[in-house]
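Student: In the order they appear, the protein sequences are chains Z and B.
Numbers in our numbering are just positions in the first sequence, counted from 1, shifted up by 194.
Numbers in our numbering are just positions in the second sequence, counted from 1, shifted up by 33.
Because the hints were derived from the structure by calculation, they are not lab data.
Backbone N, C-alpha and C define an ideal beta-carbon position, used for all residues, glycine too.
Be a bit skeptical, because a hint or two may be false.
To give an idea of the interface, some chain Z residues facing chain B are shown, with a C-beta separation under 10 Å as derived from the structure [unchecked claim]:
hint, residue
1, Ile304
2, Gly305
3, Ser314
4, Ile365
5, Asp489
6, Thr490
7, Ser491
8, Asp494
9, Lys508
10, Val662
11, Trp665
Now for the letters of each chain:
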Amino acid sequence: MCSLIEENVNTIFGYPGGQIITVFDALYSYRDSFQYILTRHEQGAIHAAQGYARVSGDTGVVIVTSGPGATNVITGLADAMLDSTPLVVITGQVGASLLGSDAFQETDVIGVTQPITKWSYQIRKASEIPWAVARAFYIAREGRPGPVVLDLTKDAQSEMVEFSYKKCIFIRSYQPYPELQPENIAQAAEMINKAKRPMALVGQGVLLGHAEEELKAFLTKADIPAGSTLLGLSALSSDFSLYKGLLGMHGNLGPNKKTAECDVLIAIGMRFDDRVTGDLKKYAKQAKVIHFDIDTSEIDKNVKTSVAVLGNAKETLPAVTELLQPARHTAWIQSFEACEKEEMERVIIPEIMPIAGPITMGEVVNRVSEATNHEAILVTDVGQNQMIAARYFKFSRSRSMITSGGLGTMGFGLPASIGAALGAPERRVCFFTGDGGIQMTLQELGTIMQYKIPVKIIILNNNFLGMVRQWQELFYRERYSSTPMNNPDFPKIAEAYGIAGKKVTKREDLDDAIEEMLKDNKAYLLEVEVEENGMVYPMIPAGTSVDQIILGD
Amino acid sequence: MEKTLYTITVYTENFVGLLNQITIIFTRRQINIESLTVSKSSIPGIHKFTITAETDLEMVKKVVKQIEKRIDVLKAFYHTDDDVIYQEVALYKIGAEAMLDNPEIESIVRKYNARILEVNRSYGVLELSGHTEDTQELFERLKEFHVLQFVRSGRIAITKSTVERLSDFLAEMEARNPEHQCEK
């Protein structure tokens, strides 16, 4: 506990159990030092910690028991690893003498978690705790962030030692920030200065490095249009003039098409995920690629780079900006407009302003975004709700998009929204989910009830697992295998938890319902019945390239 | 891409579980580890892994970066056979009768420069150091005398380079933050 205080931890998510009971007993003595959130399932605890870490920039802390407690956080660890979220997860473990004996609630936590954590370590002696905790926080937070597991044996929990804490500021085998390479910085600047059609791809690295302002200065000076990855959203505000939209499979037409036309492609803190690139053989082949990243292993992993700029974007971006000549690429930037116009007419208007027919997902997202003045934190689940929300929600503040990007974890959203609300108590949290995803971690409504978490839950209910249904319609001859769902009465479930709610089925009731939802600072569940066969367009089918984009009209 | 046998050397801190951390990087990419040798290095507290695996250049570069990304790994390198001087040891156990009754054994031992480690009433043990082809050749040659047991070690290797990259790296890291080390 003292170690956690030393690391300025103030919020802990978790769930007690037999092999961690000693730690929870200590927590009781320190209950005034920490805000402790008991979730309803360990998976909920870790996703909540992820939401907390993503909005606040602090390391999320989770304490769970051994065995099933530990295995229940596995999904969250894998998720945090792929999405570079700093977490310290403390798992209970059986006593050191029982290790390897298949003792009650024993799991090989280190063995299981090594591939999906930045570091995992078993503490067998109390004297190791301060050292290991200091190291854990340093590793989770510094460089490219990630999850760390500390597996704490029962005897290490109960042993008594003299406490002395030394913060970790150096590990000789770990260099979190690569040294700046002036040569590469100069090369990158020269390449950008010569570019006629430069384009930037903004990833989460910008948010993690707190480099939003540096990015703006960089783009503005050389007049570079930018697209954003899913996790990079909100690094640039939606109305920033050089921001051209979302990249990837369901991204905007402009940035996707222009990736195949630009002459210099500048990737900043992003990792060329296959959902962004599609077929690598056809991806941006005409362009020289400059890759800014903090993680050396990302360079040339998926896309061959011409120049790699290693380091924290907060330092590398200004270093390159300084060497840039102010430029104007007016014609190039204007060329995005044709794509924008085409997408607006063929996809966006029908999605967000339909005249007749059932309510669409896009219009709900658009209206909630407008009603919150585009200032809210958006949390999504995974699937159509996620893609539609990412496309139509607008952002005016940084760190406002919390979603499971790399792992695509259904059920992530509800607990993550709890964490987001606790990590940014002054802000409003709007959580969009589907009828499928909400039911994967529905039990966390109990956590919302207990701690009065003011989350606005919007279920876009099409009574289908919509994204799989979309693929089945397009690529599996409309064979809807295991995707239709019979659903419960969601507002009634909310009511059982003391959460206000409403179901909307008609377009004319939507605005009033949103207004009612947002009128106070309490949890609310709004279920909207949306069209059953709603589709997310544009779509670049998996493994293809932007020339095979489907607009769906 | 063309496949080559690469020798990958990895220097790590001495923590439990590092072998697993390294091997899963190969497993995940469906790369078969041909041989593996782990021992303490010349620097106290630092362990050295020597791994051989067949793969292509692009993949071996990625694998080495992924290995180096592990927190407790100090440094990882890849080499082709031309970059290193390497050796393996093989042991051959042959029944005493075959060993004593065949005068040819003597000429084989002489030809291959093998050593006789042990001869007793039941069996004899030969030893040969060399490259895989050498030790394999001797095995093939001895087959007719019925080899009871045959075992070959993993590869050990040292670089031909005159630059000691690990020592340089350690010096550089120590210089970075010598006063505030986070060590046990």
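Student: Holds or violated: the hint that Ile365 of chain Z contacts chain B, with Cβ atoms closer than 10 Å.
Tutor: holds (6 Å)
Student: Have a go at the Gly305 of chain Z hint: is there a Cβ in chain B nearer than 10 Å to its own Cβ?
Tutor: Cβ of Gly305 of chain Z sits 7 Å from chain B, so the hint holds.
Student: Let me know if the C-beta of Asp489 of chain Z comes in closer than 10 Å to any C-beta of chain B, holds or violated.
Tutor: holds (7 Å)
Student: Answer holds if the nearest beta-carbon of chain B is closer than 10 Å to that of Ser491 of chain Z; otherwise answer violated.
Tutor: holds (4 Å)
Student: Given a cut of 10 Å on the nearest C-beta pair, is the interface hint for Ser314 of chain Z held or broken against chain B?
Tutor: Constraint on Ser314 of chain Z satisfied, holds at 8 Å.
Student: Does the closest beta carbon of chain B sit nearer than 10 Å to the beta carbon of Thr490 of chain Z?
Tutor: Holds, because the Cβ-Cβ distance from Thr490 of chain Z to chain B comes to roughly 6 Å (cut-off 10 Å).
Student: With chain B as the partner, please determine if Ile304 of chain Z meets the hint condition of a C-beta pair closer than 10 Å.
Tutor: Holds: closest Cβ of chain B sits about 6 Å from Ile304 of chain Z, inside 10 Å.
Student: Let's test the interface hint: is any C-beta of chain B closer than 10 Å to that of Val662 of chain Z?
Tutor: violated (26 Å)
Student: Are Lys508 of chain Z and chain B close enough, Cβ to Cβ, to be under 10 Å, as the hint says?
Tutor: The hint is violated - Lys508 of chain Z has no Cβ within 10 Å of chain B, the shortest such distance being about 19 Å.
Student: Minimum Cβ distance from Trp665 of chain Z to chain B below 10 Å?
Tutor: It is violated, given that the least Cβ distance between Trp665 of chain Z and chain B is near 26 Å, above 10 Å.
Student: With 10 Å as the cut and Cβ atoms as the points, is Asp494 of chain Z at the interface with chain B?
Tutor: Status holds, d = 7 Å.
When held up to the earlier numbered hints, the structure conflicts with 9, 10, 11 and fits the remainder.
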